[in-house]
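Using the supplied hints, reconstruct the complex from the two chains, each of which is provided in its own coordinate frame.
So the chains spell out like this:
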Amino acid sequence: AQSVTQPDIHITVSEGASLELRCNYSYGATPYLFWYVQSPGQGLQLLLKYFSGDTLVQGIKGFEAEFKRSQSSFNLRKPSVHWSDAAEYFCAVDPTGTNAGKSTFGDGTTLTVKP
Amino acid sequence: DGGITQSPKYLFRKEGQNVTLSCEQNLNHDAMYWYRQDPGQGLRLIYYSQIVNDFQKGDIAEGYSVSREKKESFPLTVTSAQKNPTAFYLCASSVTRANYGYTFGSGTRLTVV
Numbered sequence: 001a002q003s004v005t006q007p008d009i010h011i012t013v014s015e016g017a018s019l020e021l022r023c024n025y026s027y028g029a030t031p032y033l034f035w036y037v038q039s040p041g042q043g044l045q046l047l048l049k050y051f052s053g054d055t056l057v058q059g060i061k062g063f064e065a066e067f068k069r070s071q072s073s074f075n076l077r078k079p080s081v082h083w084s085d086a087a088e089y090f091c092a093v094d095p096t097g098t099n100a101g102k103s104t105f106g107d108g109t110t111l112t113v114k115p
Numbered sequence: 001d002g003g004i005t006q007s008p009k010y011l012f013r014k015e016g017q018n019v020t021l022s023c024e025q026n027l028n029h030d031a032m033y034w035y036r037q038d039p040g041q042g043l044r045l046i047y048y049s050q051i052v053n054d055f056q057k058g059d060i061a062e063g064y065s066v067s068r069e070k071k072e073s074f075p076l077t078v079t080s081a082q083k084n085p086t087a088f089y090l091c092a093s094s095v096t097r098a099n100y101g102y103t104f105g106s107g108t109r110l111t112v113v
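Protein chains in written order, with the numbering used here: chain Y, 1 to 115; chain P, 1 to 113.
What the hints contain is simulated information worked out from the structure, not anything from laboratory work. Don't take every hint at face value.
Taking lysine-lysine and the DSS-like style, the derived pairs with C-alpha atoms no more than 30 Å apart in a straight line are [stated by the list, open to error]: (1) 102(Y) with 70(P); (2) 71(P) with 57(P); (3) 49(Y) with 68(Y); (4) 9(P) with 83(P); (5) 102(Y) with 61(Y); (6) 57(P) with 70(P); (7) 102(Y) with 83(P); (8) 61(Y) with 114(Y); (9) 70(P) with 9(P); (10) 14(P) with 83(P); (11) 49(Y) with 114(Y); (12) 57(P) with 14(P); (13) 83(P) with 49(Y); (14) 49(Y) with 70(P); (15) 57(P) with 83(P); (16) 71(P) with 9(P); (17) 61(Y) with 9(P); (18) 61(Y) with 49(Y); (19) 49(Y) with 9(P); (20) 68(Y) with 102(Y); (21) 49(Y) with 14(P); (22) 9(P) with 102(Y); (23) 102(Y) with 71(P); (24) 102(Y) with 57(P); (25) 102(Y) with 49(Y); (26) 57(P) with 9(P).
So that you can see chain P by itself, here it is in the shape it has in the complex (with noise of 0.2 Å):
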């Protein structure tokens, strides 16, 4: 079945490292999406990718960056810069660029230790 594979499911991380969220799919989507949800919060959007090697900034890019070297993967790299990284993080696909609706993940939580 197509669809959005993101690992791990949790993730811990000590003050100071950069963490790798994965995000593959198989559903041959251009666009690919991060988004971060924080409890009692709707989503907010991390970075976005329309095409190969290409990612624009969104609304809360700062301590996060990500890599776009293939169509079918998407990883979200958590710097130390990122002072309150704990969260649930969304991987997030959509056919084009004109959105359809997205197909998501299933999520990775992460938790800062």
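With the rest of the complex left out, here is chain Y (with noise of 0.2 Å):
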């Protein structure tokens, strides 16, 4: 089975300032990556997904996220963070073949901006 983890529970950065958020995936091959954010009391909403080939993938609201197959990795990054980006960010993992479908959660980072 797959498994996610995010290790920082709680981040703060400073409005303008640089991002990276962390996770780490256990599959036994490559999965598909995906990143989504939730504000307080609503949905999630995808930003950005990794099926194959490219290894950095950009998504919404100037997100990307890199690939790392030798780390397990898959790292959420904003060049410089807005007021808006207020908010909890998970990294779910999805198994390929006869299990895709179900994604794995990580338990989630919230972020906090400093103005």
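Pasting the structure below:
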């Protein structure tokens, strides 16, 4: 079975600073990988996804993520954080093959943005 | 606009009651999912359906039931057998069984009173 670890429960950055949120996964092959964002009391919104090919993927809202097979990581980055980016971020892994379509989510990282 | 509608937004359940959470989508997605979210935890899969009239248990299906009689609808019933039902419930859908990323509803917060 697959699993996801987000090592940082809470991160605080200053507005305008760069951001990196960590995600490590465990799966026997290369899975599908996703990042979602959740505002308080709301559902999740898909930021970006990786299936195959180019290991650097671009998403919405200026986010990008890099897949590193050797490190089993899929870290989310943004060059300059805006106050509106404050939210909870979830990494998810979806297996391929017969178990495809059942995403496993990490416990989330809460981002606070200081003015 | 296409999307997923969950209702109600807030729901209160008395001990021993069954309650049903609604989830409707007009995205023409084949697959639908129910997740439970507790504070400080990620999402845990309750049930999922990848085709009409078929559904499978997820990791925490005990005390819950679902149906998928129409492609657009995937209601979740929280039964009295669910001992700790207070949580935030999220419905999601994806285009096909091969996941291209979920579209989520805005959630239902269920509280036991």
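- Message: Run through the hints listed earlier and report the numbers of any the structure violates, in increasing order.
- Response: 13, 21
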